[in-house]
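> The residues making up each chain are set out below.
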Amino acid sequence: MNWDGWSAFWDMGGRAFYVWGAYGVAAVCIVLEIMALKLRRRQARRDLKRRITAEKP
Amino acid sequence: MGNINWFKYSSPQTFYPLAGKMVPWFVAAAVVLAAVGLYISFFVAPTDATQGEVYRVIFIHVGAAWMSMFIYVVMAFWSAIGLSFNARLSSMMASALAPTGALMTFIALWTGALWGKPTWGTWWVWDARLTSELILLFLYIGFLSLQAAIDDPRRADKAGAVIALVGVVNVPIIYFSVQWWSTLHQGASVSMAANQHMAVTMLWGMLVMALAFWMYCIAAALMRVGSIILEREYNADWVRTLPELQA
Amino acid sequence: MNSTLTAFRDVIARDLLLAMRRKADVLTTLFFFVIAVSLFPLGIGPETSLLRKIAPGIVWVAAMLAAMLSLGRMFADDYRDGTLEQLLLAPQPLGLLVGAKIIAHWLLSGLPLVLIAPLLGLQFGLDRDALLILIASLLLGTPVLSLIGAIGAALTLGVRGGGVLVSLLVLPLFIPVLIFGAGAVEASVTGLGPAAHLSLLGAMLLVALFFAPWATALALRIAVE
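The listed protein sequences correspond, in order, to chains A, B and C.
Residue 56 in the working numbering sits at position 56 of the first sequence, and the numbers go up by one each step.
Numbers in the working numbering are just positions in the second sequence, counted from 1, shifted up by 1000.
Numbers in the working numbering are just positions in the third sequence, counted from 1, shifted up by 2000.
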């Protein structure tokens, strides 16, 4: 363990903005991509279901 | 040897269920590796002598940068296969990889900037590697824009393939010229490259995080290609009869 | 062999003739180049030493942008009137015919830039040696712009958003040419000597001459089929 307690951890030697700004935005990007992927899959399924029911005799 | 059908999974129909089954495994791998990697990055790797704590940004910067370059090459590879063998699925895979690759490039640039500001004083450092990374982002954007602008999917596949292949051939040329440009114009020797010897734990952190990114990117690309298959193969019987679509 | 050379020559001649009938197309590219270059002192300030320093970069970037704007013309007209399909069906190698079109394009859109650049360089206070290197670098580099640009023009034939899209595709690929082109002039000014830069530009030209017509032909087939 490197840290003298959690407050030192969050502080990152005074560079909290940079470290957490970097990690934070990266995490947000990944979360957004996952959400977009799920949305796209849901939309694709919805469109296909609509096609199938529209073409039922 | 002769009984193995190497091309069994080269059609959308056979690949779709395989991709679906693989995604959770890669997600799990990514989560585990990220957990281990983050632990190493924050709790095992020591404070850096010159850069203090802010150097910890490299644990995601390096992984994202490697993936951004790796994905471009893989994308170009599948583009080439799709173009040469007229293989739809290979082209779909290239299209599936591009957005994730672009995202990795963006993350590399963003984290690079946030590392550069406290370390060298400016938000943007025109060094060879960051500048090449920026140009790589432009190449991704070009590929994505071209495919978005073309309505016919097969033409989009092939046109994208050409631009991806032209791009991949140019990447070494671009990197070399940016290196040249950077060394000629350099005042101080600013470089994003690891300056002194890194502690072994730092290298481990970088490696594990890079692997975590890799697993994540595979999972994301597989998930995306599944959606692309559903979007494009809507006329096929096997799609119509998929259990997940029976309302 | 004879018919190939004839076809090659005919394609160039046709493009040049068509352009002569519509001089405006060619001249607008030239005017854009001149105007774009003149914008920079207006935006930055007329301080001579600064202008002299940034001149190579500015002239080069403006040349790239001007080349970009002219790319739309390379195949679009032929695409619209059916000539392109004829070219694709011709017995001569498509790469060669495409090469002919690229040469015509350069003669109309690249060479004029090379010829006018020294005048613009004078506006920026470049001395005679720097101007000579500027001409040499543009002479080597503008054909590369036409060659690489042809690939982009072919890929985006008939696609909406064509003009800006071509720029998006092609400008990143131009960057090495820009670096060594502007770098050559700067190297001559600072005394390092432009030989290395010019050689690299020459090498890029050879590589582009070899690969671009073939890649463009492929892109044309993809666009038209």
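No wet-lab data here; the hints were simulated from the structure.
Hints may be right or wrong, so weigh each one.
Said to hold, decoys possible - Examples of chain A residues lying across from chain B (beta carbon under 10 Å, computed):
1. S7
2. G13
3. D47
4. L48
Everything numeric in this text was worked out from a predicted model, so none of it was measured.
Here a beta-carbon is modelled for each residue, glycine too, at the ideal position from N, C-alpha and C.
> With reference to the structure, classify each hint as holding or not holding.
Hints versus structure:
1. With a least beta-carbon distance of about 13 Å to chain B, the hint placing S7/A at the interface is violated under the 10 Å criterion.
2. Below 10 Å, beta-carbon pairs count as interface contacts, and G13/A has one with chain B at about 4 Å; its hint therefore holds.
3. For D47/A, the suggested interface contact is upheld, since its CB lies about 8 Å from the closest CB of chain B, less than 10 Å.
4. Checking L48/A against chain B by beta carbon gives a least distance of about 5 Å; that is within 10 Å, so the hint holds.
Of the numbered hints listed earlier, the single one contradicted by the structure is hint 1.
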